[in-house]
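Peer 1: As a plain string of letters, each chain reads:
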Amino acid sequence: MAGLAAIRFAPTPDSRRRFIVLLTAYVIVTHLIIGVTQKDAWPITNYCLMHGRADLRHAELYRYGFFGVDKDGREWRIDPYAWHSMSDWHLQLWFYIHFAKLSPPDQQQALGWLYGLAEEQRAQLARGDPSISWLGPVSAPQWWMFPRELAVPPEPYRALRVYKDTWFPATIIFDRKPVTRKPVGEWRAR
Amino acid sequence: MTMAIQDLRRRFDAFWFAGESRANLVVTRVLLAGTALWVVLSRYRLPSIVAFPPEMWNLVSFARRVRFGYFLDVNAEYVLFVLLHLTLIAAIFGLAPRLSCILSALLLVHFAPLETILWTPNPYLRGLTIPALGLFVFGVAGGRERRRWPLVLTQLFFAQIYFFAGYSKLFTGGFGWVTASNIRGYLLMLNQFLEFPRTQIGYALAPYPLVCAGMAWAGIVFDLLFPIVLFKPSTRRFMLPLALLFHIANAVVFHVVFQDTVLLLMFVNWEPLAARVRGWTPAAWRRPVGEAS
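These protein sequences, in sequence, are chains A and B. Counting from 1, position 94 in the first sequence corresponds to residue 94 in this note's numbering; the numbering is continuous, with no gaps. Counting from 1, position 99 in the second sequence corresponds to residue 99 in this note's numbering; the numbering is continuous, with no gaps.
Don't take each hint at face value.
[Unchecked claim] What the simulated footprint calls covered on chain B by chain A, stretch by stretch (three residues with Cβ under 8 Å from a Cβ of chain A suffice, anywhere in the stretch; the number is not a length):
1. 110 to 116
2. 123 to 135
3. 147 to 157
4. 175 to 188
5. 194 to 201
6. 265 to 273
What the hints contain is simulated information worked out from the structure, not anything from laboratory work. We treat Cβ as the ideally placed atom computed from N, Cα and C, and that holds for glycine.
Excised from the complex, chain A in its bound form (with noise of 0.2 Å):
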């Protein structure tokens, strides 16, 4: 902002011209050291993206699954843009570092904000609805495209649980074994 008030306000033509030269050199050498040192500061940042080894016999990866429950117990997977414009791959890693350290009331208090947002989309979608935004099919999808999940009961669910899902994606391959399923939180309808 300094600097834009610098420009703005510079007195003459050549003055104006060094403060130019001053705020690109900025904005560049912090950009080169945000990225060469990959530290992160946005609106300045690394632009890391898929960098780590993805390491197939090591790696076990996990998700998170977000399910609604019918009045018959059945579960529906909850679709990914239900969370109010909040990334689904951010509400995971919430989950993976965050939602165990919590109370149990607090899970609650957590699960039941979830379950909120889940119903009101479910509602949307049983009117045959599922656009994600005011431009329907031309919204900008979320940057992992997770598949849309877009069946839904007719009547509110029940419930909401999430389960954690492990595995191993080797074995998955070659030896075809299911992932191990953990239930992490389970919110009731009143």
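Start from chain A and add chain B according to the hints.
Peer 2: Below, chain B without anything else, positioned relative to chain A:
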């Protein structure tokens, strides 16, 4: 020595401060604001994330809240969000360009991290980073700037995405990243994690080491070489179509969407098209020579 310094200064001036076509500056501003508007319209509930229960915001430190200004209630956030839409529309149409671009940039920096804030404040490849930086630069430049530095600086931001994406792979994974087994691992893990069916092309490509190694090398060489478009405009003829192909392949094979793909158009020279449009415009509509825009 003096000659060399003078030559360097001449090149520096030509690169940053040569005159630029008004069409190219306007198109870039429209692309930046248009991309941001597309993303925020698609994430129309971003402000509601501040209303998530405090238990879910526990990981967001006080310093982080101060940095991005998360203190208002959800209604006030929605008012700011509407303001962001208005400033982006104003930036697209060139209304009060300095004010609209700077306000857009500041509001984008406020809203963009919300999509990922529960875990990280870095939404860097989700479509709003380059618009935020670029609109700030265009705001600093103002509506009357006719030199190329705002355009070049924005292009530099964009080119860095590719370069540092390539660099980070070597920095973190070393040369072991550029192997068939690594790409095979990514193909299988991503398809499994995202729960795509076995019919996906990623599964079909994974068993072929030559294909996987080719993808690794092509990707990293392309990433590291992309900044050449800044210095050798003639390379844009093949680098821009390659970039488009790269993003389509990433979406189809790895299921990663790059929302800023349309910003590749800021490397196109729009002046010939603008000149043709000016030729079609009736003389009475044209701005008299010498009149300030």
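Peer 1: Could you run down the list of hints and mark each one as holding or not?
Peer 2: So, going through the hints one by one against the coordinates:
no.	hint	verdict
1	110 to 116	holds (count 5)
2	123 to 135	holds (count 8)
3	147 to 157	holds (count 4)
4	175 to 188	holds (count 9)
5	194 to 201	holds (count 3)
6	265 to 273	violated (count 0)
Consistency note: the structure conflicts with earlier hint 6 alone.
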